[in-house]
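K.L.:
Okay, here's what each chain looks like letter by letter:
2 protein chains.
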Amino acid sequence: MELRPERIGRRLIHNGAIVDIYQDRMVLPDGTEENYDFIKHKGAAAVIPVMDDGRIIMVRQYRNAIDQYTLEIPAGGLNGADEPTKIAAHRELEEETGYYADLNDVEFLLTLYTTVAFCNEKIDIYLARNLRKTQQHLDDDEFIDVSLHTIDELTQMVRDGKIVDAKTIAGLMTYRAMLP
Amino acid sequence: MELRPERIGRRLIHNGAIVDIYQDRMVLPDGTEENYDFIKHKGAAAVIPVMDDGRIIMVRQYRNAIDQYTLEIPAGGLNGADEPTKIAAHRELEEETGYYADLNDVEFLLTLYTTVAFCNEKIDIYLARNLRKTQQHLDDDEFIDVSLHTIDELTQMVRDGKIVDAKTIAGLMTYRAMLP
Numbered sequence: 000m001e002l003r004p005e006r007i008g009r010r011l012i013h014n015g016a017i018v019d020i021y022q023d024r025m026v027l028p029d030g031t032e033e034n035y036d037f038i039k040h041k042g043a044a045a046v047i048p049v050m051d052d053g054r055i056i057m058v059r060q061y062r063n064a065i066d067q068y069t070l071e072i073p074a075g076g077l078n079g080a081d082e083p084t085k086i087a088a089h090r091e092l093e094e095e096t097g098y099y100a101d102l103n104d105v106e107f108l109l110t111l112y113t114t115v116a117f118c119n120e121k122i123d124i125y126l127a128r129n130l131r132k133t134q135q136h137l138d139d140d141e142f143i144d145v146s147l148h149t150i151d152e153l154t155q156m157v158r159d160g161k162i163v164d165a166k167t168i169a170g171l172m173t174y175r176a177m178l179p
Numbered sequence: 000m001e002l003r004p005e006r007i008g009r010r011l012i013h014n015g016a017i018v019d020i021y022q023d024r025m026v027l028p029d030g031t032e033e034n035y036d037f038i039k040h041k042g043a044a045a046v047i048p049v050m051d052d053g054r055i056i057m058v059r060q061y062r063n064a065i066d067q068y069t070l071e072i073p074a075g076g077l078n079g080a081d082e083p084t085k086i087a088a089h090r091e092l093e094e095e096t097g098y099y100a101d102l103n104d105v106e107f108l109l110t111l112y113t114t115v116a117f118c119n120e121k122i123d124i125y126l127a128r129n130l131r132k133t134q135q136h137l138d139d140d141e142f143i144d145v146s147l148h149t150i151d152e153l154t155q156m157v158r159d160g161k162i163v164d165a166k167t168i169a170g171l172m173t174y175r176a177m178l179p
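Here the protein sequences line up with chains A and B, keeping their order. Taking numbering that gives the first Met the number 0, the leading residue of the first sequence gets 0, the next gets one more, and so forth. Taking numbering that gives the first Met the number 0, the leading residue of the second sequence gets 0, the next gets one more, and so forth.
So here's chain A without its partners, still in its complex pose:
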């Protein structure tokens, strides 16, 4: 057995709009007890849409939590915790960008957890290729601008602080590391 805090209780504090808030009671190896925050999220999917010429489709939207517009890869929460993330990525691609890919052209890239110290939000990130233009289908509260960028432009935007969203940086830079 390795030394680590053990959870001895979990209490629901609040059911939020997209996350539920819990207070965990932990006992440390020395016997003292502490409260930990636990934020429960149902999971999400994201997609890096790669055009035939190599450019990547990005979305820009206002994010209330940070009071900023952000440039991100398309992403969205699962329709229930049981929805396969590939299906969600495939759906969010067309809804947010107005580009469609066959499900066969949606390929798994990586899994990440956004903030492991207090939240279980897990995002599976996919690549989508052989895209064709259809049209956006945005949710009522989504207002999204679409733009196309080369991976070199996007890398420079990460370095310049113009892309700040963690899933977007992790996904794009991992994709870049795979390129020949």
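Calculated directly from the structure, the hints in this document are not laboratory data. Be aware that one or more of the hints could be misleading.
All copies of an identical chain are treated as equivalent in the list; a pair is satisfied when it fits inside any one copy or across any two copies.
Each computed SDA-like pair below joins lysine to any residue, with the alpha-carbon atoms no more than 20 Å apart [stated by the list, open to error]:
#	residue 1	residue 2
1	K39	L11
2	K85	K121
3	K39	D23
4	K161	Q67
5	K41	T84
6	K39	A16
7	K161	T110
8	K41	D29
9	K39	P83
10	K39	N14
11	K39	Y21
12	K161	M177
13	K132	F142
14	K39	L102
15	K132	R59
16	K121	Y68
17	K161	Y174
18	K132	E82
19	K39	Q22
20	K41	Y21
21	K161	L147
22	K161	R175
Here the structure of chain A is known, so what remains is to put chain B in place on it, guided by the hints.
P.N.:
Quick look at chain B alone, frame taken from chain A:
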């Protein structure tokens, strides 16, 4: 003016151990109202410690929120929202790894927000070089194993799903993109 939801209220739900939970009241451009979750975090710093031979110092610890051990770059919350992130990164480096760098050898790499849909957690990630061995100074609830890996090993671990922490993937893969 661009179309976007406007916040018309923010109500505190709960003061947590490391985050505070709020419910935001938003009005959409069509006039309808919705609640958004807002999780307030004081900010954090992380550091990629690069040894003279190029290997990177990683930390392994148990994460209650995802019920898993994770391999991560060293990181920690700010000692108050006013602490400069470079000072925090410098401190966490020695506390978590037992390696020390002069403050002059701690260089800014990038800023990210961990999960922009509902949380304002911002992490500044630094590189540290010219490391020398001292000793760990862990918090009471920290139990951390230290290991050294090349960037190629770490890239493969991201691809294999052995590294899943978003700040770690974003930091390492951005560092990799900068290498000659």
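K.L.:
All the hints need checking, so say for each whether the structure fits it.
P.N.:
Against the structure, the hints come out as follows:
1. Taking the shortest Cα distances, K39 and L11 sit within 20 Å of each other both inside one copy (10 Å) and across copies (18 Å).
2. Taking the shortest Cα distances, K85 and K121 sit within 20 Å of each other inside one copy (13 Å), while across copies they are farther apart (28 Å).
3. In this assembly of identical chains, K39 and D23 lie within 20 Å of each other by CA distance both inside one copy and across copies; the values are 12 Å within and 18 Å between.
4. Proximity of K161 to Q67 under the C-alpha cut-off of 20 Å is restricted to the intra-copy arrangement: shortest distance 11 Å within a copy versus 32 Å between copies.
5. For the identical chains of this complex, K41 and T84 are intra-copy neighbours only, at 11 Å inside a copy versus 31 Å across copies, given an alpha-carbon limit of 20 Å.
6. Proximity of K39 and A16 under a CA criterion of 20 Å is satisfied in both settings, with 11 Å inside one chain copy and 15 Å between copies.
7. Only between protomers do K161 and T110 lie at most 20 Å apart by alpha-carbon distance; the minimum there is 10 Å, versus 23 Å within a single protomer.
8. For the homomeric pair K41 and D29, neither the shortest alpha-carbon distance inside one copy (33 Å) nor that between copies (28 Å) is at most 20 Å.
9. Taking CA atoms no more than 20 Å apart as the test, K39 paired with P83 passes inside one copy only; the shortest distance there is 18 Å, against 30 Å between copies.
10. Taking identical chains as interchangeable, the C-alpha atoms of K39 and N14 lie at most 20 Å apart whether they share a chain (9 Å) or sit on different chains (16 Å).
11. Taking the closest pair of Cα atoms, K39 and Y21 come within 20 Å of each other both inside a single copy (8 Å) and across two copies (15 Å).
12. Within a single copy, K161 and M177 get their C-alpha atoms only as close as 23 Å, which misses the 20 Å cut-off; across copies the closest is 16 Å, which meets it.
13. In this assembly of identical chains, the alpha carbons of K132 and F142 lie at most 20 Å apart only when taken from the same copy (19 Å versus 51 Å across copies).
14. When the C-alpha separation of K39 and L102 is checked against a cutoff of 20 Å, the pair qualifies neither within a copy, at 29 Å, nor between copies, at 37 Å.
15. For the identical chains of this complex, K132 and R59 are intra-copy neighbours only, at 18 Å inside a copy versus 44 Å across copies, given an alpha-carbon limit of 20 Å.
16. For a Cα distance limit of 20 Å, the shortest separation of K121 from Y68 across copies, 15 Å, qualifies, whereas the shortest one inside one copy, 23 Å, does not.
17. In this assembly of identical chains, the alpha carbons of K161 and Y174 lie at most 20 Å apart whether taken from the same copy (18 Å) or from different copies (16 Å).
18. Proximity of K132 and E82 under a CA criterion of 20 Å is satisfied in neither setting, with 25 Å inside one chain copy and 47 Å between copies.
19. When the C-alpha separation of K39 and Q22 is checked against a cutoff of 20 Å, the pair qualifies both within a copy, at 11 Å, and between copies, at 16 Å.
20. Taking the shortest alpha-carbon separations for K41 and Y21, both the intra-copy value of 14 Å and the inter-copy value of 19 Å come in at or below 20 Å.
21. In the homo-oligomer, the alpha carbons of K161 and L147 lie at most 20 Å apart inside one protomer (15 Å), although the nearest pairing across protomers, at 31 Å, exceeds that limit.
22. Taking CA atoms no more than 20 Å apart as the test, K161 paired with R175 passes in both settings, with 17 Å inside one copy and 19 Å between copies.
Comparing the model with each numbered hint stated earlier shows that hints 8, 14 and 18 do not hold.
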